[in-house]
Amino acid sequence: MIALRLLLPLIAFLAMLAPQPAAAWGEFGHRTTGEIAWANVQPQTRAGIFDLVKASSQLGTPDCAIRTLADASYWPDCLRRDGWRWGYTFAWHYRTAPICEAYNPRANCSGGNCILAQIERNQRILADESLPANVRLEAMAFLVHFIGDVHMPLHSGDKDDRGGNDRAAQYGIVPGLNLHWVWDGPLAERAITDTRDNVVRRYTAEERAALGGGDSAEWGRESWSIAREIVYPNAFEVDDACGQELPDSTVLTQRAIVAAAPVANRRIRQAGIRMAEYLDAAFAPGPLPEPAR
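To convert, count from 1 in the sequence shown and add 1086; that's the numbering used here.
The hints are simulated quantities; they were obtained by calculation from the structure and are not laboratory data. A portion of the hints provided could be inaccurate.
[Stated by the list, open to error] In silico SDA-like links for lysine to any residue, alpha-carbon gap of 25 Å or less: (1) 1140 x 1262; (2) 1140 x 1129; (3) 1140 x 1125.
[What the hints assert, rightly or not] Quick list of simulated restraints, FRET-style, between CB atoms: (4) 1370 x 1114: 40 to 46 Å; (5) 1186 x 1301: 20 to 26 Å; (6) 1283 x 1141: 21 to 27 Å.
Remember, it's a predicted structure, so these values are computed and weren't measured experimentally. Cβ coordinates follow ideal geometry from the N, Cα and C atoms, glycine included.
All chains, full assembly: derive it from the sequences and hints.
As structure tokens, then:
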């Protein structure tokens, strides 16, 4: 009984951490992707970022200052406290597609109001040296944050449950969460910290080649596939999440958590390395190549 009384405040605290929908990776996860990118960008990119963050005060978000790339990686979620001003951007954080239907990267993105379009748009704004520094800094923050978001599987795939937000999930003995937040928070934190090598470091050329590459549409397809093949079957202990109705709640066992953590770990690493690639391209001399039509 004494142990239970000591545990209950911790459980209540963790339950209170449940975020608003579509806040992928949580603050710790987003900052980690930014730190990975910072460790792997080119020197000229670092210099460019140093120059841009000097314009942080011009963003008009004093409670969400951008001093580092890690700050920028979390900035768009920090803006959620000012929905009256920034609410129009909230739909940019995701583009979920039903895991039991064929994947179509062009669906659910009217007027470019989805994560795939906004990654490409904000990279082009960042690369445009004719624009004011605060405009480019804002674009950089959206860019790096959305690259983190698109690598979280439940920002791309769902089963009629708003990316897992409508599926109650217990993380081991911790109740009061949902499937989306399990992947955002405790699972991502375990994936980052419970590993034999340091996630935040300079990666070798071979590692960067294995983790990097692709564009937003490809990354979204990867996440959608992971949601279909791993996230839902793992959470509900089924072979095929599309062959049956899933219950509204589940408990992630220790076995399920251990199996899912390496998947989350790789997605976080991929997000950081790909973020570095997109930043290097944006800060390279000259305009970005025109996109393929």
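Are residue 1140 and residue 1125 close enough, with their CA atoms no more than 25 Å apart?
This hinted pair holds, its Cα atoms lying about 20 Å apart.
Taken at face value, is the distance from the CA of residue 1129 to the CA of residue 1140 at most 25 Å?
holds, 17 Å
Between residue 1186 and residue 1301, does the C-beta distance stay in 20 to 26 Å?
holds, 25 Å
Okay, residue 1370 versus residue 1114 on CB: inside 40 to 46 Å?
For residue 1370 and residue 1114 the Cβ distance comes to about 30 Å; the hint is violated.
Decide if the proposed pair is consistent with the structure: residue 1140 and residue 1262, CA atoms, cutoff 25 Å inclusive.
Cα-Cα ~41 Å, so violated.
Just tell me: holds or violated, for the beta carbon distance of residue 1283 and residue 1141 against 21 to 27 Å?
violated, 35 Å
Taken one by one, the earlier hints fail for this structure at numbers 1, 4 and 6, listed in ascending order.
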